[in-house]
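Engineer: Sequence:
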Amino acid sequence: MASLQPVVSIFPAATICGWTLRLQGRSLFLSLCCGAISSAVGFAALQEGVFRIPGFEFSGWMTFVTAATMALCGNLELALTGDGRRVGTLLQYLKLSVLTLAGMYFTNWSLNYLNYPTRVLFKSSKLLPTMAVGTLMQGRWYSCLEYCAAGGLVAGIACFTMGDAELLPKFHLTGVGLILVGMAADAATSNYEEKAFFRVAQPASQAEVVAFSSLFGSGWALLLLLPTNELGAALKHSSEQPAVVPLLVASSVCGYVSVSFVLLLIKLYGATVTEMVKSLRKVLTVVLSFVLYPKPLSWKYGLGGLAVLASLAATQELQRRKGGDVKHAPPKEDGLCSPEAQPLNATDLETQPLEVEMTTKEATRA
Numbered sequence: 005m006a007s008l009q010p011v012v013s014i015f016p017a018a019t020i021c022g023w024t025l026r027l028q029g030r031s032l033f034l035s036l037c038c039g040a041i042s043s044a045v046g047f048a049a050l051q052e053g054v055f056r057i058p059g060f061e062f063s064g065w066m067t068f069v070t071a072a073t074m075a076l077c078g079n080l081e082l083a084l085t086g087d088g089r090r091v092g093t094l095l096q097y098l099k100l101s102v103l104t105l106a107g108m109y110f111t112n113w114s115l116n117y118l119n120y121p122t123r124v125l126f127k128s129s130k131l132l133p134t135m136a137v138g139t140l141m142q143g144r145w146y147s148c149l150e151y152c153a154a155g156g157l158v159a160g161i162a163c164f165t166m167g168d169a170e171l172l173p174k175f176h177l178t179g180v181g182l183i184l185v186g187m188a189a190d191a192a193t194s195n196y197e198e199k200a201f202f203r204v205a206q207p208a209s210q211a212e213v214v215a216f217s218s219l220f221g222s223g224w225a226l227l228l229l230l231p232t233n234e235l236g237a238a239l240k241h242s243s244e245q246p247a248v249v250p251l252l253v254a255s256s257v258c259g260y261v262s263v264s265f266v267l268l269l270i271k272l273y274g275a276t277v278t279e280m281v282k283s284l285r286k287v288l289t290v291v292l293s294f295v296l297y298p299k300p301l302s303w304k305y306g307l308g309g310l311a312v313l314a315s316l317a318a319t320q321e322l323q324r325r326k327g328g329d330v331k332h333a334p335p336k337e338d339g340l341c342s343p344e345a346q347p348l349n350a351t352d353l354e355t356q357p358l359e360v361e362m363t364t365k366e367a368t369r370a
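Just so we're on the same page, the working numbering is the position in the sequence shown counted from 1, plus 4.
Hints are computed from structural coordinates only; laboratory data are not their basis. Given the structure is predicted, the values throughout are model-derived calculations rather than measurements. Built from N, CA and C at the ideal position, the CB exists for glycine as well. Check the hints yourself; a few may be wrong.
Across the chosen pairs, the derived CB separations fall in these ranges [said to hold, decoys possible]:
(1) L80 to P231: 29 to 37 Å
(2) R26 to L228: 26 to 34 Å
(3) G86 to K240: 22 to 30 Å
Below, computed lysine to any residue pairings styled on SDA-like, alpha-carbon distance capped at 20 Å [stated by the list, open to error]:
(4) K99 to A189
(5) K304 to A162
(6) K240 to P58
(7) K240 to L230
(8) K304 to V291
(9) K99 to A200
(10) K240 to K99
(11) K199 to R90
(12) K240 to L229
(13) K199 to T93
(14) K299 to L288
(15) K304 to G156
(16) K199 to A189
Could you build the full structure based on these sequences and the hints that come with them?
Structural biologist: Here's what the structure looks like:
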């Protein structure tokens, strides 16, 4: 009888910003969540600080600096790690850059009409369009209970928005329209990233995806700036307010780290599970925003926040019960790892090493 072959891991290596995480199961998932949340909170706090600088109303300039900085960070990581291969095609990155830029541009534009906490919690409801787009683009199906839980998230967002309309004079329906367009673009972006770059035989690295999509995105942003007077006015304002550019660059670096964690979550667990993490991240961002930049409070903020947390908890439980959206299959005979992600299953995450042993029969056949 042939002896058993060594244990073969079916979970892809988790590498973030050039570092390989020697973790699996629940420890890996929680570490990625903490990394995504902490870096995103830093990004949001620094970006809101930019909008609080007197006279800053240059969302297009912010979009360009953010995209250019993230492109620089991505290319720097590729150079330091020696990863010179490009998996995605330039056409794919061109498409992704349009979606990414649309989400970033319309979201930043909405800040001229909405205050930052409302913008953040509004985008927390992106779980619902992400589920819908996932059905259209990837053929995934969700139960009525899952859509009801996502609907509760939208209701919490609506309650929070009503509190903003009651207390803050900058609220305008134009901002709601702009943020909705940004949400739709973001939902398409997450699903497109997963389908085009991670559900393939040779998945792309997070650094590659960010570097090339941001490079194209910064070009689009610059083209949108040139026909307007915003670029000249933004440069003049930045020279008069020297804190603007350092804050923009610092927030963009935090944004790069956050996007890297998010892309790794998409690669390993899928777009819907990742949106749950991002929604929780946004709620914590709002709390930090109220701590750092005091604002008038309303009972609608509290009620809306509770509704958001309850719906996120319900969605997570439903995902756990069905075992997540995607799974890994064992490595194929040609040596290529399956692109499918391990499900977010409580039993697996707590007790399984996320490895598979070949049976004696399989070993004999091999």
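Engineer: Tell me if the straight-line CA distance from K199 to A189 falls inside 20 Å.
Structural biologist: Satisfied, since the Cα-Cα distance of roughly 15 Å is no more than 20 Å.
Engineer: Does K240 pair with K99 here, judged by a C-alpha cut-off of 20 Å?
Structural biologist: Judged against 20 Å, a Cα distance of about 33 Å means the pair is violated.
Engineer: Given the proposed pairing of K199 with R90, does the C-alpha separation stay at or below 20 Å?
Structural biologist: 17 Å, holds
Engineer: Below or equal to 20 Å on CA atoms is what counts here, so check K240 against L230.
Structural biologist: 15 Å, holds
Engineer: Does the alpha-carbon distance linking K304 and G156 stay inside the 20 Å limit?
Structural biologist: Judged against 20 Å, a Cα distance of about 15 Å means the pair holds.
Engineer: Could you grab the alpha-carbon distance between K299 and L288 and see if it respects the 20 Å cut-off?
Structural biologist: 16 Å, holds
Engineer: Tell me if the straight-line CA distance from K99 to A200 falls inside 20 Å.
Structural biologist: 11 Å, holds
Engineer: Given the proposed pairing of K99 with A189, does the C-alpha separation stay at or below 20 Å?
Structural biologist: 11 Å, holds
Engineer: Holds or violated: the 22 to 30 Å window for the beta-carbon distance between G86 and K240?
Structural biologist: 41 Å, violated
Engineer: Decide if the proposed pair is consistent with the structure: K240 and L229, CA atoms, cutoff 20 Å inclusive.
Structural biologist: 14 Å, holds
Engineer: Per the hint of 29 to 37 Å, is the separation of the Cβ atoms of L80 and P231 within bounds?
Structural biologist: Because 31 Å falls inside the window, the suggested range holds.
Engineer: Are the Cα positions of K304 and V291 separated by 20 Å at most?
Structural biologist: With a Cα-Cα distance of about 14 Å, the restraint between K304 and V291 holds, given a limit of 20 Å.
Consistency with the previously given hints fails for numbers 2, 3 and 10, ordered from lowest to highest.
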